[in-house]
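Participant: The whole structure should be built from the sequences, with the hints applied where relevant.
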Amino acid sequence: MKTSNELIHPNLNSSRRDFLRNASLLSGGLIIALSLPACHRAVPPSKMAGSSQPSAWLRIGTDNKITIIVDRSEMGQGVYTTLPMLIAEELELPLSAINIEAAPVGAHYVNDLAGGQLTGGSTSTRDAWEKLRIAGAQARMVLIEAASRRLGAPATTLWVKDGYIHGAGDARLTFGDVAELAATLPLPSPKEVVLKKTASFELIGKGAARLDSPSKIDGSAEFGIDVKLRGMKYAALIQSPVLGGTVQSVDSTEAVGMPGVVKILTVGQGSGVLVVATHYWQALKARDALKIVWSPGARLNVSNATIRAGLKAASSGNGLSARKDGDALAVLKSAPHTLSATYELPLLAHATLEPMNCTADVQASRCDVYVGTQVQQMAQEVAAHAAGMKPDQVRIHTTLLGGGFGRRLETDFIPAAVEGSKALGAPVKVIWTREDDMTHDTYRPPAYDQIVAGLAANGDIDAIHIKITSPSVTARLFPSPDSNEVDSFAVEAAANYLYDVPNIFVEYVQHEVGIDVGYWRSVSHALNCFVVESFMDELAHSRGVDPVEYRRQLLKKQPRALRVLNEAASRADWGKTEKGHFLGVSVMEGYGSYLAQVADISLDASGKMKIHRVVCVVDCGIKVNPKIVESQVFGGIVFGLSAALWGDIHIEGGEVKQANFDTYRVLRMSETPQIDVHLLDSTETPGGMGEPSTALVAPAVANALFAATRKRLRTLPFAGQIAIA
Amino acid sequence: MIKLNINGGELEADMSADTPLLWALRDHLGMTGTKFGCGKGLCGACTVHLDDQPVRSCSVSVGDAVGHKIRTIEGLSVDRSHPVQKAWLEIDVPQCGYCQSGQIMAATALLATNPSPTDADIDSAMSGNICRCGTYPRIRAAIHRAAELSREATAK
Numbered sequence: 011m012k013t014s015n016e017l018i019h020p021n022l023n024s025s026r027r028d029f030l031r032n033a034s035l036l037s038g039g040l041i042i043a044l045s046l047p048a049c050h051r052a053v054p055p056s057k058m059a060g061s062s063q064p065s066a067w068l069r070i071g072t073d074n075k076i077t078i079i080v081d082r083s084e085m086g087q088g089v090y091t092t093l094p095m096l097i098a099e100e101l102e103l104p105l106s107a108i109n110i111e112a113a114p115v116g117a118h119y120v121n122d123l124a125g126g127q128l129t130g131g132s133t134s135t136r137d138a139w140e141k142l143r144i145a146g147a148q149a150r151m152v153l154i155e156a157a158s159r160r161l162g163a164p165a166t167t168l169w170v171k172d173g174y175i176h177g178a179g180d181a182r183l184t185f186g187d188v189a190e191l192a193a194t195l196p197l198p199s200p201k202e203v204v205l206k207k208t209a210s211f212e213l214i215g216k217g218a219a220r221l222d223s224p225s226k227i228d229g230s231a232e233f234g235i236d237v238k239l240r241g242m243k244y245a246a247l248i249q250s251p252v253l254g255g256t257v258q259s260v261d262s263t264e265a266v267g268m269p270g271v272v273k274i275l276t277v278g279q280g281s282g283v284l285v286v287a288t289h290y291w292q293a294l295k296a297r298d299a300l301k302i303v304w305s306p307g308a309r310l311n312v313s314n315a316t317i318r319a320g321l322k323a324a325s326s327g328n329g330l331s332a333r334k335d336g337d338a339l340a341v342l343k344s345a346p347h348t349l350s351a352t353y354e355l356p357l358l359a360h361a362t363l364e365p366m367n368c369t370a371d372v373q374a375s376r377c378d379v380y381v382g383t384q385v386q387q388m389a390q391e392v393a394a395h396a397a398g399m400k401p402d403q404v405r406i407h408t409t410l411l412g413g414g415f416g417r418r419l420e421t422d423f424i425p426a427a428v429e430g431s432k433a434l435g436a437p438v439k440v441i442w443t444r445e446d447d448m449t450h451d452t453y454r455p456p457a458y459d460q461i462v463a464g465l466a467a468n469g470d471i472d473a474i475h476i477k478i479t480s481p482s483v484t485a486r487l488f489p490s491p492d493s494n495e496v497d498s499f500a501v502e503a504a505a506n507y508l509y510d511v512p513n514i515f516v517e518y519v520q521h522e523v524g525i526d527v528g529y530w531r532s533v534s535h536a537l538n539c540f541v542v543e544s545f546m547d548e549l550a551h552s553r554g555v556d557p558v559e560y561r562r563q564l565l566k567k568q569p570r571a572l573r574v575l576n577e578a579a580s581r582a583d584w585g586k587t588e589k590g591h592f593l594g595v596s597v598m599e600g601y602g603s604y605l606a607q608v609a610d611i612s613l614d615a616s617g618k619m620k621i622h623r624v625v626c627v628v629d630c631g632i633k634v635n636p637k638i639v640e641s642q643v644f645g646g647i648v649f650g651l652s653a654a655l656w657g658d659i660h661i662e663g664g665e666v667k668q669a670n671f672d673t674y675r676v677l678r679m680s681e682t683p684q685i686d687v688h689l690l691d692s693t694e695t696p697g698g699m700g701e702p703s704t705a706l707v708a709p710a711v712a713n714a715l716f717a718a719t720r721k722r723l724r725t726l727p728f729a730g731q732i733a734i735a
Numbered sequence: 020m021i022k023l024n025i026n027g028g029e030l031e032a033d034m035s036a037d038t039p040l041l042w043a044l045r046d047h048l049g050m051t052g053t054k055f056g057c058g059k060g061l062c063g064a065c066t067v068h069l070d071d072q073p074v075r076s077c078s079v080s081v082g083d084a085v086g087h088k089i090r091t092i093e094g095l096s097v098d099r100s101h102p103v104q105k106a107w108l109e110i111d112v113p114q115c116g117y118c119q120s121g122q123i124m125a126a127t128a129l130l131a132t133n134p135s136p137t138d139a140d141i142d143s144a145m146s147g148n149i150c151r152c153g154t155y156p157r158i159r160a161a162i163h164r165a166a167e168l169s170r171e172a173t174a175k
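Heads up: the protein sequence lines correspond to chains P and H, in order.
Going left to right, the first sequence walks through residues 11 to 735 as the working numbering numbers them.
Going left to right, the second sequence walks through residues 20 to 175 as the working numbering numbers them.
Do not rely on the hints blindly, as some may be mistaken.
[Said to hold, decoys possible] Taking lysine-lysine and the DSBU-like style, the derived pairs with C-alpha atoms no more than 35 Å apart in a straight line are: (1) P:LYS171 with H:LYS105; (2) P:LYS75 with H:LYS105; (3) P:LYS206 with P:LYS216; (4) P:LYS238 with H:LYS175; (5) P:LYS238 with P:LYS667; (6) H:LYS22 with H:LYS105; (7) P:LYS216 with H:LYS175; (8) H:LYS59 with H:LYS175; (9) P:LYS238 with H:LYS88.
Since the hints were derived computationally from the structure, they do not count as laboratory data.
Source: prediction; values computed, not measured.
Facilitator: Structure follows, in structure tokens:
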């Protein structure tokens, strides 16, 4: 019989991610780290904490163990497969030979499209597309040079294939054979590198299986919540029910004597109370026994009603220009006809399936933080602040993320673990319950949007004015010193309005609503695409023109958008709909990708809507891994449909009223329509695909509902306005 | 000490009888493949088998689990050779992967009683398991594929 009380994950205590420090121990041989600096732009000093950790994307051991260090967080979008593929393509390396490690904080790991070490904005592949292929080619060249010296053969007679360096006759070397020598040679400059032509790609464009799948089907994949360190304690955090409230008094008389409880402390400048125990269940039970008086703070009077009233009032004021073509306001004044509408969008939770959690191990002069984060540098800064240390004393170990969706761009779940570990002198893992997670999220911004079109006598659109009123995520997370700068992450899918209209004015009114809002998958695309694509449908119907045909006429100068639209219409049998079925369409450009969706719905005798099928056609340029792109399209549609049908966070008295999946409903398998994804061939540079499909499904369904009912739903979610089967 | 029959072996740990099986597995017994998602039996991330029936381990106390056969994702196979695991790899189902242990345990329980499920059977058996990444279309495909693999194995 096996007695198991405290099984320690063997590879965790010394942290398998702490690779370079322990590299020589792990391999049993000398490890050569090929450091491949990229041409990244300087990071602002405030965002780029110093780091003593060396930077590299590739490590080749003398034992030929090949490790690719991935500097983006794996949260389901596939970066632990697609980014290694880019290096492996140029290095002529089979994917089966690759080991993956998460990058530490480091200057080389900055995402040039984000200005920091950040995973988000559908930027990972776009940022890495040239950078990692160049890195792979540089490594190939230096390995060949080393092999040339070893074999005494000219480099031009050597080539790399299937993970070996080949030469005349039977000459064959592993990368490991020459790794030591290669590390002493200068890397060729990126300018000397000649990248493979598209036609020669062997990995890119093929649907290789995900490298992280095996660990995700046998329970061995390690998420933040799974981290286990020797001597680690578990902690439950309680935060003020009223958002932003602070502790006035804590009576822990009962809790302190409960089984397993080792410490109870106020953390986060009074924002919460942490109960640390030997096991998590003990911490949870003791947490329930605490008697806390909260000082509710300024948000006590915030409610959905005040939020909506505030947005509506702000929307009558002037905003900042996010796009101005011609003079839409002047044209609108004299337009023979106008069509206008107002759309409203609710607050939404992220609801990643893995609730927020963080494990910290604060020691005398260093702090190790194990966390599923999308922002390693910010995590490091926040942890350093909580530990009273300098950032370079903090090591961030990025685990797999059980969903990100933008929630893990925040760092609010980090300090309590650090403070707890510091107070206790032992590693502490803080796990939020689902209720903690849902009631203390940074919610997707609500919006109150007005849109008006000026129509010529013949019905042509002469002018369009899209006025978006919403709070700004960016103003809180990445504030700009320029108060006249529009938050570009509030106006996506409006500022890039695709249709051929001579006068376009996109206006943004920033109005803060009293609670923190956060980036949410596809960010403002999902908000604004609903408005713009619903309204394009309104315009088409107002003229009695078929909605696909109407868009076609206005997209003649947008060949990529026109192509996805036509393909989606064709694949959805637009115009040949089965009796009782109704179709709705939407088109969008986002993150450099073009998408069109068609939703196919029916209503039963009682008026209940059933969504039968969603067709999505995508032109995302070159598809690095089509199977992963397809999965992201599925994922975005399911995520967007959850929000469109049910997503609705209610605030009353500063408290969030939804706490778990019984009151915050998300899509389940039985509610998921058939999703047909078609990826078009394209030679364009890859576009981002982690997010955009999320945005198109709400307007596609709304437009299908209009076709079915002649009723225009301009507010999300649909639940409460129409019965859903 | 509470003694549990897990994956064919006896394991024991010092814990109170009201400890949910989920936390016993994860914290006391070091088996972290079973995930915490909601704590209320709403999401299915913590699905394990109790006497071959799928249950939400967040809602079963260890006291109630004593004397029953518990099977977790770690006990499905030693080499990812269970037909459901094979099908999951073939179809490349996981995205973030967090819900997948629970999905796989729900799927194996379904196939154990219904070797050739229809889409409707699958929807009915799997709708207690939430996937926020939207792997549902591939889960459906993988369950059909696992059913095929099992039938092929039986036919041999």
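Participant: Is P:LYS238 close enough to P:LYS667, meaning Cα to Cα at most 35 Å?
Facilitator: The given pair, whose Cα atoms are some 33 Å apart, holds under the 35 Å limit.
Participant: Hinted pair, alpha-carbon criterion (35 Å max): P:LYS216, H:LYS175. Please report holds or violated.
Facilitator: Holds, at roughly 33 Å.
Participant: P:LYS75 and H:LYS105: Cα distance at most 35 Å?
Facilitator: holds (27 Å)
Participant: Hey, P:LYS171 versus H:LYS105, does the alpha-carbon distance stay inside 35 Å?
Facilitator: This hinted pair holds, its Cα atoms lying about 30 Å apart.
Participant: Would the hint linking P:LYS206 and P:LYS216 be met if the CA-CA limit is 35 Å?
Facilitator: holds (15 Å)
Participant: For H:LYS59 and H:LYS175, compute the direct alpha-carbon distance and say whether it is at most 35 Å.
Facilitator: Violated: H:LYS59 and H:LYS175 sit about 42 Å apart, past 35 Å.
Participant: Please verify whether P:LYS238 and H:LYS88 have alpha carbons no more than 35 Å apart.
Facilitator: Holds, at about 26 Å.
Participant: Does the alpha-carbon distance linking H:LYS22 and H:LYS105 stay inside the 35 Å limit?
Facilitator: holds (32 Å)
Participant: Under the criterion that the straight-line Cα-Cα distance not exceed 35 Å, is the pair P:LYS238, H:LYS175 satisfied?
Facilitator: violated (43 Å)
Hint compliance for this structure: hints 4 and 8 are not met, and every other hint is.
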